[in-house]
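**Student:** Letter by letter, the chains look like this.
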Amino acid sequence: DVKVTQSSRYLVKRTGEKVFLECVQDMDHENMFWYRQDPGLGLRLIYFSYDVKMKEKGDIPEGYSVSREKKERFSLILESASTNQTSMYLCASSARAGNTIYFGEGSWLTVV
Amino acid sequence: GNSVTQMEGPVTLSEEAFLTINCTYTATGYPSLFWYVQYPGEGLQLLLKATKADDKGSNKGFEATYRKETTSFHLEKGSVQVSDSAVYFCALSPIYNQGGKLIFGQGTELSVKP
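Going line by line, the protein sequences match chains A and B. When you read off a place in the first sequence, starting at 1, and then add 6, the result is the number in the numbering used here. When you read off a place in the second sequence, starting at 1, and then add 2, the result is the number in the numbering used here.
Simulated from the structure, these hints should not be mistaken for lab results. These numbers were taken from a predicted model, which means no experiment stands behind them. Careful: at least some of the hints might be erroneous.
With the C-beta cut set under 8 angstroms, the calculated list includes, among others, these residues of chain B facing chain A [unchecked claim]:
id, residue
1, Asp56
2, Gly102
3, Leu104
4, Gln108
5, Leu112
Positions of the beta carbon are idealized from the N, C-alpha and C atoms, including for glycine.
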């Protein structure tokens, strides 16, 4: 089975802290994604990557950056966390366009 | 642009009732269409998908038919169970889609009572 692992399920951070959310997939997938999930808004794409060291902005990239130094790992970085970034963050991966996207279990981030 | 619209929730049903969750989309050409399910406290799992017009996706008693003429992909189940309580997301993959990203609807929460 495909496994997408997010390193932290629950985090509490202070405003202004730098936050790293790590994601690893074990199926040699080319594509990786970071989504944010908020009630009533569904899933919104923050960033995605279709190859090592490649990254593309999604719909809501402001306040975030990403890193993909290795094919299996895709990190989301909050340079200076703010309270409006309190949310559930979902990492995902897929083999190619139009193919099934597999999700991790999510990381609940609270910024206080 | 590309977008997905789902019926608003929450939807509350009794066990063994018939379920329909409406999903319509806006996209160029023939996108691939998906239903994902999210159980409490978990990430999203693929429930079913369809890649061309008139295809029917099915899984675990759920079905959805890709209707190009009405740009719809409604999710149905003949008899829901308490264990079906979850949030359901409709999504599309555009035809010109570098990176394979999905565009999601806002999700519909389903609650099934015994």
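**Student:** Given a cut of 8 angstroms on the nearest C-beta pair, is the interface hint for Leu104(B) held or broken against chain A?
**Tutor:** holds, 6 angstroms
**Student:** Is the hint on Gly102(B) kept, meaning its closest Cβ partner in chain A is under 8 angstroms away?
**Tutor:** holds, 4 angstroms
**Student:** Given Leu112(B) was flagged as interface, is its beta-carbon under 8 angstroms from a beta-carbon of chain A?
**Tutor:** The hint is violated - Leu112(B) has no Cβ within 8 angstroms of chain A, the shortest such distance being about 15 angstroms.
**Student:** Hold the hint about Gln108(B) up to the distance rule: shortest CB distance to chain A must be less than 8 angstroms.
**Tutor:** Result: holds, 4 angstroms to nearest chain A Cβ.
**Student:** Any CB of chain A closer than 8 angstroms to the CB of Asp56(B)?
**Tutor:** violated, 17 angstroms
Consistency with the previously given hints fails for numbers 1 and 5, ordered from lowest to highest.
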